[in-house]
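Counting in this note's numbering, the sequence shown runs from 45 upward without gaps.
What the hints contain is simulated information worked out from the structure, not anything from laboratory work. Glycine included, every Cβ here is placed at the ideal spot set by N, Cα and C. Incorrect hints may have been included.
Here are the computed distance ranges between Cβ atoms for each label pair [said to hold, decoys possible]:
#, residue 1, residue 2, range
1, Thr112, Gln71, 18 to 28 angstroms
2, Ala129, Lys88, 53 to 63 angstroms
3, Gly70, Gln128, 39 to 49 angstroms
4, Arg92, Ala122, 40 to 50 angstroms
5, Gln128, Asp93, 47 to 57 angstroms
6, Asp106, Val58, 19 to 29 angstroms
7, Ile48, Ala91, 36 to 46 angstroms
8, Gly60, Ala96, 14 to 24 angstroms
Distance condition first, Cα-Cα at most 27 angstroms in a straight line; then the derived DSS-like pairs of lysine-lysine [what the hints assert, rightly or not]:
#, residue 1, residue 2
9, Lys75, Lys88
10, Lys75, Lys90
11, Lys46, Lys75
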Amino acid sequence: MKQIEVQIMGQGYVLGCPEGGETRLGQAVGKVDEAMCKIRDAGKIKARDRIAVLAALNLAFDLTDRPTSVPNESDLSASTAQMQALLQRLDNVLASDNRLL
């Protein structure tokens, strides 16, 4: 696992990052930094831990507003092909066992 140094609200952190996850981690850090700075800049809250909790709650709330993803056509056709292959295997096993309904 790689170690990546990032800045969130002006403070440095060293984070573990799986290989190939640098871009996603960078995007996540950017969202957290933006959310925390927005709360800090509003001027009402100064404690870093309270800012972090409020930012986490805001980000989680935003996630609950997102619609669930709809599978795309290629995912559906792949699933359909897998289901048909499985049904064919079941038919073959049951037919050879003389228990086909």
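Each hint, compared with the structure:
Range check, threonine 112 to glutamine 71: Cβ separation about 21 angstroms, and the 18 to 28 angstroms hint holds. Range check, alanine 129 to lysine 88: Cβ separation about 59 angstroms, and the 53 to 63 angstroms hint holds. A beta carbon spacing of about 41 angstroms between glycine 70 and glutamine 128 agrees with the range 39 to 49 angstroms that was offered as a hint. A beta carbon spacing of about 46 angstroms between arginine 92 and alanine 122 agrees with the range 40 to 50 angstroms that was offered as a hint.
Checked against the hint of 47 to 57 angstroms, the C-beta distance between glutamine 128 and aspartate 93 comes to roughly 54 angstroms, which is consistent with it. Between aspartate 106 and valine 58 the beta carbons are some 27 angstroms apart, a value that agrees with the proposed interval 19 to 29 angstroms. Taken as a hint, the range 36 to 46 angstroms is violated for the pair isoleucine 48 and alanine 91, whose Cβ atoms sit roughly 26 angstroms apart. Separation of glycine 60 from alanine 96 is about 19 angstroms and conforms to the stated range, judged on CB atoms against 14 to 24 angstroms.
Taken as a hint, the lysine 75 and lysine 88 pair is honoured in the structure, with Cα atoms around 20 angstroms apart against an allowance of 27 angstroms. At roughly 19 angstroms between alpha-carbon atoms, lysine 75 and lysine 90 fall within 27 angstroms of each other, so this suggested pair holds. Restraint check for lysine 46 and lysine 75: the C-alpha separation of about 21 angstroms stays at or below 27 angstroms, so the hint holds.
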